[in-house]
Amino acid sequence: AQSVSQHNHHVILSEAASLELGCNYSYGGTVNLFWYVQYPGQHLQLLLKYFSGDPLVKGIKGFEAEFIKSKFSFNLRKPSVQWSDTAEYFCAVTSYNQGGKLIFGQGTELSVKP
Amino acid sequence: NAGVMQNPRHLVRRRGQEARLRCSPMKGHSHVYWYRQLPEEGLKFMVYLQKENIIDESGMPKERFSAEFPKEGPSILRIQQVVRGDSAAYFCASSPTRTPNEKLFFGSGTQLSVL
Numbered sequence: 219a220q221s222v223s224q225h226n227h228h229v230i231l232s233e234a235a236s237l238e239l240g241c242n243y244s245y246g247g248t249v250n251l252f253w254y255v256q257y258p259g260q261h262l263q264l265l266l267k268y269f270s271g272d273p274l275v276k277g278i279k280g281f282e283a284e285f286i287k288s289k290f291s292f293n294l295r296k297p298s299v300q301w302s303d304t305a306e307y308f309c310a311v312t313s314y315n316q317g318g319k320l321i322f323g324q325g326t327e328l329s330v331k332p
Numbered sequence: 178n179a180g181v182m183q184n185p186r187h188l189v190r191r192r193g194q195e196a197r198l199r200c201s202p203m204k205g206h207s208h209v210y211w212y213r214q215l216p217e218e219g220l221k222f223m224v225y226l227q228k229e230n231i232i233d234e235s236g237m238p239k240e241r242f243s244a245e246f247p248k249e250g251p252s253i254l255r256i257q258q259v260v261r262g263d264s265a266a267y268f269c270a271s272s273p274t275r276t277p278n279e280k281l282f283f284g285s286g287t288q289l290s291v292l
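Chains as they are written, first to last, in this note's numbering: chain A, 219 to 332; chain B, 178 to 292.
What the hints contain is simulated information worked out from the structure, not anything from laboratory work.
There's no promise every hint is true.
What the hints assert, rightly or not - Over the 10 Å line for every Cβ pair with chain B, so calculated as not near, a few chain A residues:
hint, residue
1, 273
2, 286
3, 287
4, 329
5, 331
Said to hold, decoys possible - The calculated SDA-like cross-link candidates involving lysine to any residue, where the alpha carbons are at most 20 Å apart (straight line), are:
hint, chain 1, residue 1, chain 2, residue 2
6, B, 221, A, 261
7, B, 204, A, 264
8, B, 221, A, 224
9, B, 221, A, 327
10, B, 248, B, 201
11, B, 221, A, 324
12, A, 279, B, 280
13, B, 221, A, 227
14, B, 221, A, 226
15, A, 279, B, 282
16, B, 280, A, 277
17, A, 331, A, 231
18, B, 280, A, 250
19, B, 221, A, 250
20, B, 280, A, 260
21, B, 221, A, 245
22, B, 221, A, 223
23, B, 280, A, 270
24, B, 221, A, 220
25, B, 221, A, 244
26, B, 280, A, 264
27, A, 267, B, 275
28, B, 221, A, 263
29, A, 276, B, 280
30, A, 267, B, 273
31, B, 280, A, 261
32, B, 280, A, 278
33, B, 221, A, 313
34, B, 221, A, 306
35, B, 280, A, 269
36, B, 280, A, 313
37, B, 221, A, 242
38, B, 221, A, 257
The C-beta atom is built at its ideal place from N, Cα and C for all residues, glycine as well.
Take the sequences, apply the hints, and build the full model.
Given below as C-alpha cells:
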C-alpha cells in the first residue's frame, strides 16, 4: 500500500531563513506528487505538483520541490521564508489511475517568527 | 465561480446523534472525494463519488458511515450514532474529471465535535 512520511511535525524558523521539508513515499510504480498548504482557518491549496518531466518543480509563492526517484523523495524548499508562510504543509501522492484519491503525509506545521 | 462549499463549518453533536455534512462541488465538477483529518494526523481518504455512484469507498468505516452524491444537490456524508472518535475535520474535494487531477480543489472543511 502507498504511504507518505513527512519527517518534521513542527518546524520553527525566523524570517529569511531557508526552508526544506522532507517527504518520502512508498510506491514502486509511476506516481504523481503534490504539496498542499493550509493556512489557519482556510482550505487546502495546491502549492505545486509533479506529474512528469523536469524533476525540479516550481510552484506558487516561491516554493519549489525536487523529485528524486531513487530516494522516493519529494522535498519542499523555499530559499527565504516570510511570516506569511506560517501554515501547515502536506505532501501527497497518487498513482496515475487513482485520480483524486490522494495519500497524504501527516503534515508539517511551519511557524515563522517575524 | 465559487469554490468547493462545505457546510456547516462547525458541527457539534452529542454521542448517538446523527451528523450530516454537505459538500457542493465547483460548477462543472462531477467527481467528489471525502477525506477525514483526525487530530495530529494527515488527511485520510474516505470515499470517491461520481454523480449518483459510489466509485471507491475503501476508506469508509464499515458501519455508521455513508455517502451519497445525488443527481441534484450536494454530496452528503452521513454519520449515524456518532461517537467521540468521530470528532475530526472532514474535507471534500471536487474535480471535473477523474484524471488528471490538476483541477482538484478542496473545500474549507467541516469540524465535527462529538460531546
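Cross-check of the supplied hints:
The Cβ of residue 273 of chain A sits about 17 Å from the closest Cβ of chain B, beyond the 10 Å cut-off, so the non-interface label holds. With a closest Cβ-Cβ approach of about 21 Å to chain B, residue 286 of chain A is found to remain outside the 10 Å limit, as its non-interface label requires. No Cβ of chain B approaches the Cβ of residue 287 of chain A within 10 Å, the least distance being about 19 Å, so the stated non-interface status holds. At roughly 16 Å from the closest C-beta of chain B, the C-beta of residue 329 of chain A stays outside 10 Å, upholding its exclusion from the interface.
With a cut of 10 Å on Cβ distances, residue 331 of chain A stays outside the contact zone with chain B, its closest approach being about 23 Å. For a cut-off of 20 Å, the pair hint linking residue 221 of chain B to residue 261 of chain A stands: about 15 Å separates their Cα positions. Distance check on the hinted pair: residue 204 of chain B and residue 264 of chain A sit about 19 Å apart at the alpha-carbon level, within 20 Å; holds. A threshold of 20 Å between alpha carbons decides the hint, and for residue 221 of chain B with residue 224 of chain A the separation of about 15 Å falls inside it, so the pair holds.
Restraint check for residue 221 of chain B and residue 327 of chain A: satisfied, since their Cα atoms lie roughly 17 Å apart, inside the 20 Å limit. A threshold of 20 Å between alpha carbons decides the hint, and for residue 248 of chain B with residue 201 of chain B the separation of about 12 Å falls inside it, so the pair holds. A C-alpha spacing of about 9 Å is found between residue 221 of chain B and residue 324 of chain A, which places the hinted pair at or below 20 Å, so the restraint holds. About 19 Å separates the Cα atoms of residue 279 of chain A and residue 280 of chain B, which keeps this hinted pair within 20 Å; it holds.
Proposed proximity of residue 221 of chain B and residue 227 of chain A is supported: the alpha carbons are some 17 Å apart, at most 20 Å. Between the alpha carbons of residue 221 of chain B and residue 226 of chain A the distance comes to roughly 19 Å, so the proposed pair stays at or under 20 Å and holds. A distance of roughly 18 Å separates the Cα atoms of residue 279 of chain A and residue 282 of chain B; the hinted pair therefore holds under the 20 Å criterion. For the proposed pair residue 280 of chain B and residue 277 of chain A, the alpha carbon gap of about 15 Å is at most 20 Å, so the pair holds.
Our distance criterion of 20 Å between C-alpha atoms is met by residue 331 of chain A and residue 231 of chain A, whose separation comes to about 6 Å. Restraint check for residue 280 of chain B and residue 250 of chain A: satisfied, since their Cα atoms lie roughly 13 Å apart, inside the 20 Å limit. Taking the CA atoms of residue 221 of chain B and residue 250 of chain A, the gap is about 17 Å. The hint holds against a cut of 20 Å. Taken as a hint, the residue 280 of chain B and residue 260 of chain A pair is honoured in the structure, with Cα atoms around 18 Å apart against an allowance of 20 Å.
Note on residue 221 of chain B and residue 245 of chain A: the hinted pairing holds, with a Cα-Cα distance of about 17 Å set against a maximum of 20 Å. Distance hint between residue 221 of chain B and residue 223 of chain A is fulfilled; the C-alpha atoms sit about 13 Å from each other, no more than 20 Å. Using a Cα cut-off of 20 Å, the hinted pair residue 280 of chain B and residue 270 of chain A holds, with the two alpha carbons roughly 16 Å apart. Of the pairs offered as hints, the one joining residue 221 of chain B and residue 220 of chain A holds, with about 12 Å between alpha carbons and a cut-off of 20 Å not exceeded.
Of the pairs offered as hints, the one joining residue 221 of chain B and residue 244 of chain A holds, with about 16 Å between alpha carbons and a cut-off of 20 Å not exceeded. Between the alpha carbons of residue 280 of chain B and residue 264 of chain A the distance comes to roughly 10 Å, so the proposed pair stays at or under 20 Å and holds. Taking the CA atoms of residue 267 of chain A and residue 275 of chain B, the gap is near 16 Å; set against the 20 Å cutoff, the hint holds. With a CA separation close to 17 Å, the supplied pair residue 221 of chain B and residue 263 of chain A stays within the 20 Å bound.
For the proposed pair residue 276 of chain A and residue 280 of chain B, the alpha carbon gap of about 17 Å is at most 20 Å, so the pair holds. Proposed proximity of residue 267 of chain A and residue 273 of chain B is supported: the alpha carbons are some 18 Å apart, at most 20 Å. A hinted pair counts as satisfied when its Cα atoms are at most 20 Å apart, and residue 280 of chain B with residue 261 of chain A qualifies at roughly 15 Å. For the hint pairing residue 280 of chain B with residue 278 of chain A, the CA-to-CA distance comes to about 15 Å; that is within 20 Å, so the pair holds.
The suggested pairing of residue 221 of chain B with residue 313 of chain A holds, with an alpha-carbon distance near 16 Å, which does not exceed 20 Å. Restraint check: the Cα-Cα separation between residue 221 of chain B and residue 306 of chain A comes to about 16 Å, which is no more than 20 Å; the hinted pair holds. Note on residue 280 of chain B and residue 269 of chain A: the hinted pairing holds, with a Cα-Cα distance of about 13 Å set against a maximum of 20 Å. The suggested pairing of residue 280 of chain B with residue 313 of chain A holds, with an alpha-carbon distance near 16 Å, which does not exceed 20 Å.
For the suggested pair residue 221 of chain B and residue 242 of chain A, the alpha carbons sit about 17 Å apart, so the restraint of at most 20 Å is met. For the hint linking residue 221 of chain B to residue 257 of chain A, the alpha-carbon distance of about 19 Å falls within 20 Å, and the restraint holds.
In summary, the structure agrees with every hint in the numbered list given earlier.
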